[in-house]
Amino acid sequence: MADDVRPITAFLHRTAAEGGWRVVIIDGAEWLNRSAANALLKILEEPPPKAVLLLTSSAPGRLLPTIRSRCRRLELAPLSTEDVRHIVRQAVPDIADDELQRSVAGAHGAVGRALALLADEGGRMAALVEKILSGVSVGQSYDIAETVLRKEDGFNLFFSLLSDTLQECARTAARRGNAEAARFAQAWEAIMRLQSETERFNLDKQETLLEAMTIASKA
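In terms of UniProt numbering, the sequence shown is residues 1 to 219.
Keep in mind that the hints were calculated from the coordinates and are not lab data.
Using C-beta positions, here's what the derived DEER-type ranges look like:
1) S134 with R73: 37 to 43 Å
2) E46 with L149: 41 to 47 Å
3) D97 with A174: 30 to 36 Å
4) F11 with D94: 38 to 44 Å
5) E180 with H13: 48 to 54 Å
6) K42 with S217: 38 to 44 Å
7) D143 with A119: 19 to 25 Å
The model shown is predicted, which means the values in this text are computed figures rather than measured ones.
We put the beta carbon where it would ideally sit given N, CA and C, even for glycine.
Work the whole structure out from these sequences, hints included.
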């Protein structure tokens with residue numbers, strides 16, 4: 001992990017084209033291990049001129065306090081439903097009204113998710129997620145994993161839908177004062193960590209999907 005951060009130093013000390021700014025985006029910064037976080041901290045302590053580092057995090061409290069203290073926090077809210085609808089309509093002019101409504105409703109303010117849902121004809125992937133939460137056999141899990149991986153960007157869409165579903169289950173349980181809220185939240189956290197590690201370390205996606213299904217089915 002630290003090796004993933006150290007090349008940033010060399011990049012930031014290069015001369016930008018036409019004297020412009022150099023920009024580094026670190027996505028999911030809360031998943032950096034201690035070595036990587038310390039390597040990043042050294043960069044933040046003595047940043048080179050005309051350089052911007054953008055750290056994205058869905059759980060900033062997990063970042064080292066010394067990293068947080070050297071960053072300016074910017075809260076990014078989801079887009080409004082109308083904004084998402086307008087952008088999707090522009091991207092897909094011939095979209096049917098019912099398809100547009102379905103994709104926007106499940107997008108939760110994210111245009112990329114809305115477009116991915118459009119590619120999920122008939123909500124097949126969403127149906128698979130619901131099936132997993134109801135419990136599936138080992139054989140069914142392998143079949144689902146194969147179905148997900150055959151679909152373009154199916155891996156990311158699957159995790160996005162699974163994440164949304166677990167979050168909604170946790171919120172619903174919390175509103176009812178149900179102790180299951182903590183279990184759903186823990187399952188969501190484990191699955192998000194699993195996806196991040198798979199992408200970061202290029203792990204086997206089929207094994208990741210199978211493990212995610214096991215976690216979700218026990219939530």
